[in-house]
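A.B. asks: Chain by chain, the residues:
Number of protein chains: 2
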Amino acid sequence: MEKYLITGISGFVASHFVEYLDSLNDKNIEVLGISAHKLSSNFTNNLKNIRFNSIELNLMEIDKLKIAISSFSPDYIIHLAAFSSVASSWLDPSDAFVNNTNIFLNIAEIVRSQNIKCRILSVGSSEIYGNVSADEVPLKETIKTNPKSPYAIARLSQEMLSKCYADYYKTDIVITRSFNHIGPRQKDSFVISSFIKQSLEAQKLSNKIKLKTGDISIIRDFVDVRDVVRAYYLLLKKGISGEIYNICSGNGNSLANIIKQIAKILKIEIETEIDPLRIRPSDNKIIVGDYSKLKSQTDWTPKIELEKSLKDIIDYMS
Amino acid sequence: MEKYLITGISGFVASHFVEYLDSLNDKNIEVLGISAHKLSSNFTNNLKNIRFNSIELNLMEIDKLKIAISSFSPDYIIHLAAFSSVASSWLDPSDAFVNNTNIFLNIAEIVRSQNIKCRILSVGSSEIYGNVSADEVPLKETIKTNPKSPYAIARLSQEMLSKCYADYYKTDIVITRSFNHIGPRQKDSFVISSFIKQSLEAQKLSNKIKLKTGDISIIRDFVDVRDVVRAYYLLLKKGISGEIYNICSGNGNSLANIIKQIAKILKIEIETEIDPLRIRPSDNKIIVGDYSKLKSQTDWTPKIELEKSLKDIIDYMS
Chain A
45 MEKYLITGIS GFVASHFVEY LDSLNDKNIE VLGISAHKLS SNFTNNLKNI
95 RFNSIELNLM EIDKLKIAIS SFSPDYIIHL AAFSSVASSW LDPSDAFVNN
145 TNIFLNIAEI VRSQNIKCRI LSVGSSEIYG NVSADEVPLK ETIKTNPKSP
195 YAIARLSQEM LSKCYADYYK TDIVITRSFN HIGPRQKDSF VISSFIKQSL
245 EAQKLSNKIK LKTGDISIIR DFVDVRDVVR AYYLLLKKGI SGEIYNICSG
295 NGNSLANIIK QIAKILKIEI ETEIDPLRIR PSDNKIIVGD YSKLKSQTDW
345 TPKIELEKSL KDIIDYMS
Chain B
45 MEKYLITGIS GFVASHFVEY LDSLNDKNIE VLGISAHKLS SNFTNNLKNI
95 RFNSIELNLM EIDKLKIAIS SFSPDYIIHL AAFSSVASSW LDPSDAFVNN
145 TNIFLNIAEI VRSQNIKCRI LSVGSSEIYG NVSADEVPLK ETIKTNPKSP
195 YAIARLSQEM LSKCYADYYK TDIVITRSFN HIGPRQKDSF VISSFIKQSL
245 EAQKLSNKIK LKTGDISIIR DFVDVRDVVR AYYLLLKKGI SGEIYNICSG
295 NGNSLANIIK QIAKILKIEI ETEIDPLRIR PSDNKIIVGD YSKLKSQTDW
345 TPKIELEKSL KDIIDYMS
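Protein chains in written order, with the working numbering: chain A, 45 to 362; chain B, 45 to 362.
What the hints contain is simulated information worked out from the structure, not anything from laboratory work.
Be aware that one or more of the hints could be misleading.
Copies of the same chain are indistinguishable here, so a pair counts whether it falls within one copy or spans any two.
As the list claims (entries may be wrong) - Taking lysine-lysine and the PhoX-like style, the derived pairs with C-alpha atoms no more than 25 Å apart in a straight line are:
1. K329 to K214
2. K329 to K207
3. K248 to K188
4. K355 to K256
5. K282 to K207
6. K282 to K161
7. K254 to K308
8. K281 to K308
9. K110 to K254
10. K47 to K188
This structure is a prediction, so every number in the text was calculated from the model and none was measured.
Turn these sequences into a full structure, and let the hints guide you.
C.D. replies: Below is the structure:
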């Protein structure tokens, strides 16, 4: 058996990762999912190949976590549990820190101290690049990090710990800087799903709608979650321990441009209005990545165009 | 009254800070000390001017901490509690992280969320500079950080959080990068006190002694704790919120050189022997600081020469 322990199993990314594993048509894959929340029952109904089980467990309960990891004895730990909203991290910086950095540290420390032979995927975020200048885009993994939100600080702390464990304790850890991922099932507290949900609701009443937004001039690199989970799998198989890999599309889009694309797909007119509550204390103007390191190590390239991502989210939400 | 809340009150630095406050000859100073450990009773016997009280409290018990801070209503919080041994942080990285970063975050978050009007001194470490090249020495606050131990990572995480709270939440926080401080009462698990303790014990038997050491070629900037606490006081009064200040002597000494000075003071011959247990997985070759930013803001300069520090430690330990 090839055994995968996946944290954050009730989340958006985990569901896609599990589906990806199932699509490999390999009867020898076993998954143990961990989540602090109850798993919705429909989550695993369609799995055809892999063996799947899950438990409810808070990753801060280190004694229970130790038992879970030791009992399952994974080949891979894919650490997807996270407090992943930049916006919410401004409201509760302490919770954001603990539920990014400390939960990761608990896992790394258990693997190290119990001498468990497995590879960990430490999922990080492009937010740690912070405010960069235009000539640094597309961002390579080597540029200076400059985190600007509680979320970004928590992720950079996690990344520094990952590198320390990999470099000095020789814990097997591959590190990612994952850019904004989008796709079906993402919570509508995230920007693209929020835009689409608002648009679909307003569309029922009129073909001219008004969206409430934050700063829509910011440029981000949106990558489809299905491309992201494929990159995670490839990094588990081919990544180098202690190395950091951007996972991104390589393309920048302003939120304003994405709103235009949504309008075009839905055949509606969208006006926007700034909601002061959605303006953050500090926001990075442009984050666009360079995935050449990931490509050269794993042959990965993104396959799903932004338009298809948007259409699939619309289908899912309709 | 001018009210100081001091964490880590049972520690080496806190005792000197309290003595410094007492030496100001001001009857209007009130101190509340917090420590996870019982305070030794002789600690405050000699205080003549300030009003002093202390409580036993673990800084991870956030509900109790909130009550303590709100009840005392400090003007200043001097956060000296820390897991401050680089060597021990390699043995228990998780404990080191929680007892540097998370305990600080608890304080900052209480002050922010309860809207307490006070200034926090966030004490950090020169270890966050990590391995630097010779031409970067003496280190200014602006050079790229490169932490290489669990302790250093924890301190850099704390510093990033301090800056975020100061810059975006407008919490009043002055940040230090304190270089290796030495002086009477430092625990003998720290390098200089360890050398002196071993030397004094061996000296009882012979004038030719053998010291067990780690790598004694490393160069550090040792600054006397009494100069450090004076800098802390001046930063509380004159520092700028969100700014980072080196606190150092500006002089580099190899551990080998310090051993020579100890030998000279004690009039003994010291041979050294590498103890493999004292070699760390990674160690910075040279850390020497530049204190011109602190000086220009507060007029601080170090006053106590290394030789006097060593003599005072020897007197204290004899």
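A.B. asks: What hints, given by number in increasing order, does this structure fail?
C.D. replies: 3, 8, 9 and 10
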